[in-house]
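Everything in the sequence shown is counted per our numbering, starting at 1 for the first residue and increasing by one.
Calculated directly from the structure, the hints in this document are not laboratory data.
One or more of the hints may lead you astray.
Claimed, not checked - FRET-style restraints, in silico, Cβ to Cβ:
1) Gly45 <-> Pro250: 16 to 22 Å
2) Arg183 <-> Pro250: 19 to 25 Å
3) Val174 <-> Pro44: 42 to 48 Å
4) Pro44 <-> Ser100: 27 to 33 Å
This structure is a prediction, so every number in the text was calculated from the model and none was measured.
In this text, a Cβ means the ideal position worked out from N, Cα and C, and glycines have one as well.
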Amino acid sequence: MKALITGGTGFIGRALVRRLTADGHACTVVSRDPARAATLGLPPGTAFLSDVAASPPVDAVVLLAGESAAGLWTKRKRAAIIASRVEATRRVVEWMRASSSKPEVLVSASAVGYYGHRPGEVLDEASAPDPAAGFRSSVCVRWEAEAGRAAELGIRVVAPRFGVVLGRDGGLLVELLRLHRLRLSFVLGNPAAVVPWVALDDAVGFIGRALADDRFSGPMNVVAPVTTTQERFTAAIAEAVGSRVLGTLPAWLLRAAVGELSSAILDDAHVVPRAALAAGFEFAETDLDALLRRMLKP
């Protein structure tokens with residue numbers, strides 16, 4: 001299989017390119033700076049392009065690129081988040097529309113931010129988006145809608161709604177570890193709030209299956225099929241680094257410190273991977289404590 005990947009130098013993208021290459025597939029990574037991307041340790045044989053429009057025919061496209069959500073969500077930051085997801089996806093689909101040789105499948109990332117803050121609910125792929133229409137949800141709704149236009153071209157579209165992706169080299173975990181390693185371990189917001197998480201290996205494994213398996217289609221939640229609360233999540237990280245939970249930081253304090261970005265940390269969303277399980281996907285990592293101990297051991 002020949003795969004075109006945007007965001008291939010990012011946290012999930014690097015792991016995906018390595019997995020696909022190890023499985024014998026050919027990967028082309030789209031980067032604003034191909035020369036720099038070629039120095040980032042991706043496998044030999046990886047091709048690099050600066051523009052999707054320059055791509056030769058491929059069998060599959062994976063869209064993982066996106067402006068980092070970290071930082072204050074100023075007007076400029078919001079515009080960058082939207083442009084890097086919604087507008088960039090629109091351009092890729094238009095390239096597909098104009099191409100005489102179309103890929104068979106498009107995997108376009110989304111996120112569980114689609115659901116918003118929903119305490120007391122169990123959320124699967126049939127659940128409505130955030131009733132409060134928060135920024136995270138509105139971006140996901142528009143993002144998925146742009147990717148969905150590829151289905152009009154006869155292309156199978158998969159929109160993985162990722163939970164908090166846990167890996168040692170990036171994502172939210174790296175940010176949290178800075179505090180935990182300083183022995184500043186605090187539960188963030190409501191201790192009983194559900195945290196939807198997934199191991200990096202499972203996130204990558206899901207994409208690999210989605211590229212090859214016709215049963216994978218439409219929005220699909222990519223979260224471990226277990227329930228983990230903020231209290232348990234914090235305790236597991238603290239234990240893995242030899243820290244101790246000191247207490248709870250109230251939600252109002254986090255909102256005052258980082259604004260609406262705090263929703264990515266505080267939202268209570270009991271998301272279940274109903275569609276992935278029905279399609280036969282098996283999550284290898286369901287024990288959070290064991291995963292963190294293995295990832296964070298010296």
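Hint-by-hint comparison with the structure:
{"no.": "1", "hint": "Gly45 <-> Pro250: 16 to 22 Å", "verdict": "violated, 51 Å"}
{"no.": "2", "hint": "Arg183 <-> Pro250: 19 to 25 Å", "verdict": "holds, 20 Å"}
{"no.": "3", "hint": "Val174 <-> Pro44: 42 to 48 Å", "verdict": "violated, 27 Å"}
{"no.": "4", "hint": "Pro44 <-> Ser100: 27 to 33 Å", "verdict": "holds, 30 Å"}
Going down the numbered hints, you'll see the structure goes against 1 and 3, while the others check out.
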